[in-house]
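Working from the sequences, and respecting the hints, build out all of it.
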Amino acid sequence: MITKQTIEAYWRENKIVMYLIMLIWFVVSYVAAIFASSLNNIIIFGFPLGYYMGAQGSIAIFVILNYLYSMKMNELDKKYGLEED
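The sequence shown begins at 85 in the working numbering and counts up by one.
Be aware that a few hints might be false.
[Said to hold, decoys possible] Derived lysine-lysine pairs resembling DSS-like cross-links, with alpha carbons at most 25 angstroms apart:
#1 K163 with K99
#2 K88 with K162
#3 K156 with K88
#4 K88 with K99
#5 K99 with K162
#6 K99 with K156
#7 K88 with K163
These are calculated hints, taken from the structure and not from any lab test. Since this is a predicted model, take the numbers as computed values, not measurements.
Below you can see the structure in the form of structure tokens.
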């Protein structure tokens, strides 16, 4: 039987993970764009870092964030006995 305290603890941890993921997403999306001109001094695979982050880096980070969120949620589901069969 799942208690109200278990659900509240689960959602508390879920929100922490979600806020952390959203913070990383914000930094990659918006902060990197703000500093794009200064990032262009760094070259990665022959492209300026500002361009690379907009074209490839941010998309790769988003995919990694989705994967990490999924893995962490699976851990939380098991921890609180809420995993799917």
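Run the distance test for K88 versus K162: straight-line Cα separation, threshold 25 angstroms. Holds, at about 17 angstroms.
- Item | Restraint check for K163 with K99, where alpha carbons must lie at most 25 angstroms apart | holds (15 angstroms)
- Please work out if K99 and K162 have their alpha carbons no farther apart than 25 angstroms. This hinted pair holds, its Cα atoms lying about 17 angstroms apart.
Is the straight-line distance between the alpha-carbon of K156 and that of K88 25 angstroms or less?
-> holds (21 angstroms)
- Message: Just to be careful, I want the Cα atoms of K88 and K99 compared with a cutoff of 25 angstroms; is the pair within it?
- Response: holds (16 angstroms)
*Quick one, are K88 and K163 close enough, alpha carbons at most 25 angstroms?*
Roughly 15 angstroms between the alpha carbons, so the hint for K88 and K163 holds.
request  = Could you grab the alpha-carbon distance between K99 and K156 and see if it respects the 25 angstroms cut-off?
outcome  = The given pair, whose Cα atoms are some 12 angstroms apart, holds under the 25 angstroms limit.
Every hint, counting from the list given before, is met by this structure.
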